[in-house]
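Chain order of the listed sequences is U and P. Straight run, no breaks: the first sequence in my numbering ends on number 428. Straight run, no breaks: the second sequence in my numbering ends on number 856.
In short, the hints are calculated from the structure, not lab data. Don't take each hint at face value.
Stated by the list, open to error - Here chain U is said to cover these stretches of chain P; the calculated rule only asks that three of the stretch's residues, wherever they fall, bring their Cβ under 8 Å from a Cβ of chain U:
1. 475-486
2. 570-578
3. 685-699
4. 839-853
To be verified - In silico BS3-like pairs for lysine-lysine, Cα to Cα no more than 27 Å straight-line:
5. K432(P) with K169(U)
6. K450(P) with K22(U)
7. K699(P) with K829(P)
8. K699(P) with K4(U)
9. K151(U) with K597(P)
10. K329(U) with K655(P)
11. K838(P) with K4(U)
12. K329(U) with K838(P)
13. K271(U) with K597(P)
14. K4(U) with K151(U)
15. K655(P) with K450(P)
16. K829(P) with K271(U)
Glycine included, each C-beta is placed from N, C-alpha and C at the ideal position.
Listed here are the chains, written in short residue letters.
2 protein chains.
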Amino acid sequence: MSIKIGLLGFGTVASGIPFLLKENGEKVLAASRDQLEIAKVLVKDDEEKNRLIAAGNDYNFVTNVDEILNDEEIQIVVELMGRIEPARTFITKALEAGKNVVSANKDLIATHGKELISLAQDKGVAFYYEAAVAGGIPILRTLANSLTSDKVTRILGVLNGTSNFMMTKMVDEGWSYEDALKTAQELGYAESDPTNDVEGIDAAYKAVILSQFGFGATIDFDDVTHKGITNISTDDVAVAQELGYVIKLVGDVREVESGISAEVSPTFLPKNHPLASVNDVMNAVFVESIGIGESMYYGPGAGQKPTATSVLADIIRIARRLSDGNVGKPFNEFRRDLPLANPADVKSNYYFALDTPDEKGKILHLSEIFNSEDISFEQVLQQKANGTTARIVVITHAMSKTQLKAVTEKLEAAEDFTVVNTLKVLSN
Amino acid sequence: MSIKIGLLGFGTVASGIPFLLKENGEKVLAASRDQLEIAKVLVKDDEEKNRLIAAGNDYNFVTNVDEILNDEEIQIVVELMGRIEPARTFITKALEAGKNVVSANKDLIATHGKELISLAQDKGVAFYYEAAVAGGIPILRTLANSLTSDKVTRILGVLNGTSNFMMTKMVDEGWSYEDALKTAQELGYAESDPTNDVEGIDAAYKAVILSQFGFGATIDFDDVTHKGITNISTDDVAVAQELGYVIKLVGDVREVESGISAEVSPTFLPKNHPLASVNDVMNAVFVESIGIGESMYYGPGAGQKPTATSVLADIIRIARRLSDGNVGKPFNEFRRDLPLANPADVKSNYYFALDTPDEKGKILHLSEIFNSEDISFEQVLQQKANGTTARIVVITHAMSKTQLKAVTEKLEAAEDFTVVNTLKVLSN
């Protein structure tokens, strides 16, 4: 008997699934035990349906989701439409109809995952979404299945391929942000509206999901502070290089004494850190834990085949559990009450780039301001004094977010300093 | 009710398990569902027992394995003794007694795994060994659970921490092999007899196991050709650097048209390859596949806590399956008939370092020899001509193992060339 699947959407990722079923059919069948059959595919309208058929796609295309939801033979619904609606409604209805669901929709899972996970539990069906974080990297199942014995203390991730491509060009080739964005758009890595990628929103969605699997925490998207790469200048990149760092957009989820902290921000990474050599559109998740210590999981963060591979791994897992009779287990069973961390408890080193009049005594004044908030310097560089303006660059020792806020306010109030940029620094 | 565990051996790794149970008890209990209890610990003799008790270890130490094998309450036996005997006999008896077994013993699994796996199957019990390959890196479970949907075409791995530490010192600091070995021994990374590490034997054990999980193949240890790092000179390292490579000991398992090929050898890795920045005692497994494309799994290859974390993950998985009533599933279900590859089908680029009299016409003669075997040069460097002897370095285009053998024989027969070294080159 075959296991019948209904696909919602037939875009790039969905069309990667038939490729794997064809090229890897023997292994997939051995693993899933029953033949997997794409029984119906939902498309938008007759126009799309006719176009796909004309292009040689031999599927049972339907334009009304009810044809899938009411089909009792379909046991697995795979949502690959993206965005919030109508995906949210369709998944909800599929779960309510007792169907197992696979999705790659990080936006939806990060913002409405809680209710969908809970509904799946109530209905005793599976709701899996390995592809939602870091595309082809099997990080969620690894956290859920292998790191069960370990206590994760921090997850650092290069989680957005588009911004990582851009930062790689800015770091390795000295390109400006604007040039990097233009090329990313030309290559199809960035959309015409690149906001989600370059502002760290996409990475923040993934940080929400990683905090569930790594820490058992249920945090909201709004609990993840995010800062993008839009104001990284060639000056920032050059000074980072000079000091032995590369700048990347990094998701950072960690547990401190008071609770959990999650943020996405451009970060100075020491050149010898494993994340520092994750380049172009590749992603990586770096895990710090009390048992393993440091481990990293590296691979493509997006793309047709990598994402389809993760989706198909979820489908196979459901098929196996259907035959074992235990399909209702949650994707992630690790859950605990973990409050949001107190900002006074979340400490990092920071980089400050400041402009100041090219006059005597400015570094003294700057030292007084930082000292008044109990922050000490690790490195200070004075650059580009031109008789009028000087650029001062500071790398601080570890300071809390509370200290960061306080010192930033003082610097902004000080008439002789302009804060050009402030970035987190991962210490060596 | 608790799940009772019998430990065979209480060395470094074993004593890491209580650490995790203490520091991560809540998560472990939630995952395993039942409390895990170390009921008995086998030690060698009364002397060791008394020493451990005197050191404050509060376990039920026994000196006769039958006390564990005949204890019907013990459901899981964890073998952490290492070497072949008596581990092989004890595991066999434990499986025969219907106990689930966890082991970290790569030597044993690579050489006698087949019979133990088959016995576990017959008895309907689990036999897991995540820690046997790359210590803390959860690579086996990832291959078995997540890469089910993908077809692996090649696995490249930095699989031996000791030799990687040595190669890192030789590459980054220009140390000689002898100095690197001496320091590795002083730091406790290398044993007084370092053969297994430096000759690639340890890595070859791991390659056997990776070929099972990645390719479904059952190959023998003797099917893995292995070559160590003992004859890598500072000259080899320097010329690699000059040409944009680093040398590491790399396990290489790949499927070619005629079958599977597995070998361990010092390998020129392009500097921008993700494996090239895996340094010191760290391990990494780089997977090429038709779906994900390229992915890498990085972490500590050995050490008390990392290895104990993998062992405990296996124990938790067994505990869960005991409560689900499906404990008898094999660790790796992927199996198929895959012959050993025909050497004519296994192609790589190669580096040759040759000494020749410092006379005219030698590169011409060398070209004739390679050309006669249909091998072309990618790069040729003449170095260190001193009026008497010249060193010629060649990087070839891809050639088969058959061609390698033939050309090496011709070079050795030629009176004017001495083959100083031949190493595999991973092409860019």
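Comparing the hints with the structure gives:
Here's how the stretch 475-486 of chain P fares: 0 of its residues keep a CB closer than 8 Å to some CB of chain U, so the rule of at least three is not met and the hint is violated. Only when three residues or more bring their CB closer than 8 Å to a CB of chain U does the claim for the stretch 570-578 of chain P stand; here the count is 7, and the claim holds. Judged by the Cβ-Cβ criterion of 8 Å, the stretch 685-699 of chain P is not covered by chain U as claimed, because only 0 of its residues qualify and three are needed. Residues of the stretch 839-853 of chain P with a Cβ under 8 Å from some Cβ of chain U number 0, which does not satisfy the need for three, so the listed coverage is violated.
For a cut-off of 27 Å, the pair hint linking K432(P) to K169(U) is broken: about 55 Å separates their Cα positions. Between K450(P) and K22(U), the direct Cα distance comes to roughly 48 Å. Violation of the 27 Å bound is thereby established for this hinted pair. At roughly 24 Å between alpha-carbon atoms, K699(P) and K829(P) fall within 27 Å of each other, so this suggested pair holds. For the hint pairing K699(P) with K4(U), the CA-to-CA distance comes to about 46 Å; that exceeds 27 Å, so the pair is violated.
Restraint check: the Cα-Cα separation between K151(U) and K597(P) comes to about 32 Å, which exceeds 27 Å; the hinted pair is violated. With a CA separation close to 46 Å, the supplied pair K329(U) and K655(P) exceeds the 27 Å bound. Distance check on the hinted pair: K838(P) and K4(U) sit about 60 Å apart at the alpha-carbon level, beyond 27 Å; violated. With a C-alpha separation of about 63 Å, the suggested pairing of K329(U) with K838(P) is violated against the 27 Å cut-off.
Restraint check for K271(U) and K597(P): satisfied, since their Cα atoms lie roughly 18 Å apart, inside the 27 Å limit. Distance hint between K4(U) and K151(U) is unfulfilled; the C-alpha atoms sit about 38 Å from each other, more than 27 Å. Distance restraint check for K655(P) and K450(P): the Cα-Cα separation of roughly 42 Å exceeds the 27 Å cut-off, and the hinted pair is therefore not satisfied. Between K829(P) and K271(U) the alpha-carbon distance is near 38 Å, which puts this suggested pair outside the 27 Å criterion.
Going down the numbered hints, you'll see the structure goes against 1, 3, 4, 5, 6, 8, 9, 10, 11, 12, 14, 15, 16, while the others check out.
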